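Engineer: Sequence:
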Amino acid sequence: MKIILLLSLSNIFMTIAWYWHLKGGMNKPLFGVILLSWAIAFVEYCLAVPANRIGFASGWSPGQLKVAQEAIALIVFGVFMVIVLGEPLHWRHGAAFACIMAAVAFLFIGK
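Under our numbering, think of the first position of the sequence shown as 1, with each following residue one higher.
No wet-lab data here; the hints were simulated from the structure. All values derive from a computational prediction rather than experimental measurement. It cannot be assumed that every hint is accurate.
[Unchecked claim] Label-pair distances were calculated between CB atoms; the ranges are:
#1 Leu35 to Gly86: 25 to 33 Å
#2 Asn27 to Val82: 32 to 40 Å
#3 Ala39 to Ile109: 34 to 42 Å
#4 Phe31 to Ala105: 37 to 45 Å
#5 Ala57 to Gly32: 35 to 43 Å
#6 Leu5 to Ile109: 37 to 45 Å
#7 Ala95 to Phe42: 15 to 23 Å
#8 Lys23 to Ser58: 35 to 43 Å
#9 Ala105 to Ser58: 27 to 35 Å
Idealized CB from N, CA, C, for every residue including glycine.
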């Protein structure tokens, strides 16, 4: 559970770092946006690196860690996309999520 929590928190920070400027920040100077995004991403790294180390030490393979991270990223971005960016969800978002969840299942089956 600690691994999932750390990966979730790291994905929240990374999603903010990558996409915050799309809503209301497009008129800000690009260099300033990059610097602020780097500062936000630093927090993401401080969470993601320990999550991966703990996960690997707990027996997760690098593939399992990556596909879990991608599944979490999809959930986090979906929420961010709807709440912050105001975009609606479509059936294709659900289909993409199902494909990612299938990838997670394939990597964790028999483990």
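Engineer: Measuring from beta carbon to beta carbon, are Leu35 and Gly86 in 25 to 33 Å?
Structural biologist: Roughly 26 Å apart at Cβ, these two residues keep to the hinted range, so it holds.
Engineer: Leu5 and Ile109, beta-carbon distance inside 37 to 45 Å?
Structural biologist: Violated, since Leu5 and Ile109 (Cβ atoms, about 23 Å apart) do not stay within the stated range.
Engineer: Does the Cβ distance between Ala105 and Ser58 fall inside 27 to 35 Å?
Structural biologist: violated (19 Å)
Engineer: Verify the CB-CB distance for Phe31 and Ala105 against the hinted window 37 to 45 Å.
Structural biologist: holds (43 Å)
Engineer: I want to verify a distance hint. Is the separation of the beta carbons of Lys23 and Ser58 within 35 to 43 Å?
Structural biologist: Holds: the Cβ-Cβ distance is about 37 Å, inside 35 to 43 Å.
Engineer: Can the suggested window of 34 to 42 Å be confirmed for the beta-carbon pair Ala39 and Ile109?
Structural biologist: holds (39 Å)
Engineer: Ala57 and Gly32, beta-carbon distance inside 35 to 43 Å?
Structural biologist: Check passed, 38 Å falls within 35 to 43 Å.
Engineer: Is 15 to 23 Å a correct range for the gap between the Cβ atoms of Ala95 and Phe42?
Structural biologist: violated (34 Å)
Engineer: Can you let me know if the beta-carbon spacing of Asn27 and Val82 is within 32 to 40 Å?
Structural biologist: At 24 Å between Cβs, range violated.
Hint compliance for this structure: hints 2, 6, 7, 9 are broken, all remaining hints hold.
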